[in-house]
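In order, the protein sequence lines correspond to chains E and W. If you use our numbering, the first sequence corresponds to residues 5 to 421, in order. If you use our numbering, the second sequence corresponds to residues 607 to 708, in order.
Source of the hints: derived by calculation from the structure; they are not laboratory data. Among the hints, erroneous ones may be present.
As a list, the in silico DSSO-like pairs of lysine-lysine whose alpha-carbon atoms are at most 27 Å apart [to be verified]:
{"id": "1", "chain 1": "W", "residue 1": "LYS609", "chain 2": "E", "residue 2": "LYS80"}
{"id": "2", "chain 1": "W", "residue 1": "LYS617", "chain 2": "E", "residue 2": "LYS80"}
{"id": "3", "chain 1": "W", "residue 1": "LYS617", "chain 2": "W", "residue 2": "LYS665"}
{"id": "4", "chain 1": "W", "residue 1": "LYS617", "chain 2": "E", "residue 2": "LYS322"}
{"id": "5", "chain 1": "E", "residue 1": "LYS33", "chain 2": "W", "residue 2": "LYS617"}
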Amino acid sequence: MSETNSIDKTCVVIGASHGGVNFAFALRKEGWEGKIILLDKDPVLPYHRPPLSKAYLTSEDAIDKNLLKSAESYEKQAITLQLGVTVKSINRTENSIALTDETVITYDKLVLATGARAIIPPIKGIDQAKNLFPLRTAGDVENIRKALQTSTTKNVVVIGGGYIGLETAASLKKLGANVTVLEREERILARVTAPIMSDFFQELHAKNGVDVLTHKNVVSICPDSNTVSCSDGSTYEADLIIVGVGIYVNLELAKEAAIVIENGIKVDETAKTSDANIYAIGDCTFHFNPHYDRFIRLESVQNAVDQAKIAAATICGKAPVYNSIPWFWSDQYDIKLQMVGLSTGYNKVLLRKEEGDLQKFSIWYFKDEELLAVDAINNAKAYVLGTKFIKERKLVDPLKLTDPTIPFKPLNLVKDS
Amino acid sequence: MAKITFITSDKESITLEGTSGSVMQLAVDNGISGIDGDCGGVCSCATCHVHVAPEHVSKTGEASEIETDMLELDENVSEYSRLCCQLEISEELDGVVLHVAQ
Ligand SMILES: Cc1cc2nc3c(=O)[nH]c(=O)nc-3n(C[C@H](O)[C@H](O)[C@H](O)COP(=O)(O)OP(=O)(O)OC[C@H]3O[C@@H](n4cnc5c(N)ncnc54)[C@H](O)[C@@H]3O)c2cc1C
Ligand code: FES
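All chains should be built: construct the whole structure from the sequences, respecting the hints.
And the structure:
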């Protein structure tokens, strides 16, 4: 089908967040002349998610200071944005979707940008717990802010020591709360970083007066006292409980429509699913990463935005191919962490310190000689250099890399070959 | 209030008025082509790169260390490069001309 004649066609997008919104605007930019209908069950004008646990949580800003696009932008680009509507099912034979209010919308192209939702683990008493919130939506932030304001003790327990849990802990501390983080594993960020980074963040939180406790497997929450109990018998009183133990991918719609699923909605390098008229982008996808030569699932803005652009270009008849190096960031207290690459499978870690600044360093993950990933602490130089080396598959000289007297310049650090 | 002019890579010139917030947000709200602001304004994505017109550097001031570092290996970096999420709108910016980077 030549997409230059898209004028009578309709593209429906389910999910209006980083993936769906960027897709809709990219589709217009690529020349789609037909209708674009962008749907989300969240009633709020689409917003940036990363600040929810960071600067936005500590600010007094309303969500309109944190929007992905202004309301007028959708109008200007003739994107029909429908908020507060939930898609119930996809009918692939009829090329249509149905909303929970039974409205049926037909599509020529459908894009699933359904993302993910927070896991609420099956802990005894969790359903009756008071002031228990995940952190995924603007509504969650509003609830957390309100509950903290009215709390007299300001005792907060955060279940889960991943990025979202730790960022939320740092932000709530800044708002004057007494925060305890309970992590089940032997170290925080265990799935995503080397032990040296876990130690750094553990200390950072301790220095800022947040207790980060590991080996804490939460087993129950007492409905009367809101006390959180762990398997080792320890208990923590909480006025607020934040749950940050990970996400479930929103793949029910795709699954019920018998679209191929494998640890997410499976897509090819053009973001197409097993149905030629249906694409999927962002957190909900299980996609191929050519650089690392394997299928992966990512929870990141980078991936949502990059896949959005790829899907838009493909639908408009171009032939782009997804080939991104993943990147991610986290802000806690005065620390900025920037990460690039995928460290999974590393067998060597090198630490590069910088002269005269203990709060500035970088961790370089290798598999044998190959640089896989870099975690940079307050060190954008290391981050951009790492990005370049990973992309170009440069061999890095370990002695030069770890010598802080050698300036961070590409030519200084690559191996003579 | 400040009048800010963006010149996009297609040489389109757009002048906007802003009172507060960052220049990136103003640009995104008004759909300035080439300014995406993917990270929401925390110096993590470099999708808000502009070149300040040389005669207007006194209005914007110099780039901070993190901006320079983020852009160091960018093909289109110049001595006038800024990440415009780091430019707060104020009277001082009035009349500034920003060329959106490629
Ligand atoms: C607190 C927090 C901090 C984060 N920090 C960072 C960070 O620092 N850096 C980074 O890169 N990433 C970060 N992330 C991850 C990032 O926000 C996600 O990767 C990104 O939002 C993914 O975008 P998406 O569009 O794929 O999915 P989502 O943002 O999950 O959006 C999916 C949308 O689909 C809607 N939807 C789902 N099903 C239906 C349905 N049936 N009907 C209607 N609507 C539906 C949902 O309401 C939702 O709005 C963070 C996430 C959170 C929650
Ligand atoms: S908006 Fe991301 S660096 Fe400016």
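The hints, checked one at a time:
As the CA atoms of LYS609 (chain W) and LYS80 (chain E) are separated by approximately 22 Å, the hinted pair is consistent with the 27 Å bound. Distance check on the hinted pair: LYS617 (chain W) and LYS80 (chain E) sit about 20 Å apart at the alpha-carbon level, within 27 Å; holds. With a C-alpha separation of about 22 Å, the suggested pairing of LYS617 (chain W) with LYS665 (chain W) holds against the 27 Å cut-off. Our distance criterion of 27 Å between C-alpha atoms is met by LYS617 (chain W) and LYS322 (chain E), whose separation comes to about 25 Å.
Restraint check for LYS33 (chain E) and LYS617 (chain W): satisfied, since their Cα atoms lie roughly 17 Å apart, inside the 27 Å limit.
Of the hints listed earlier, there is not a single one the structure fails to meet.
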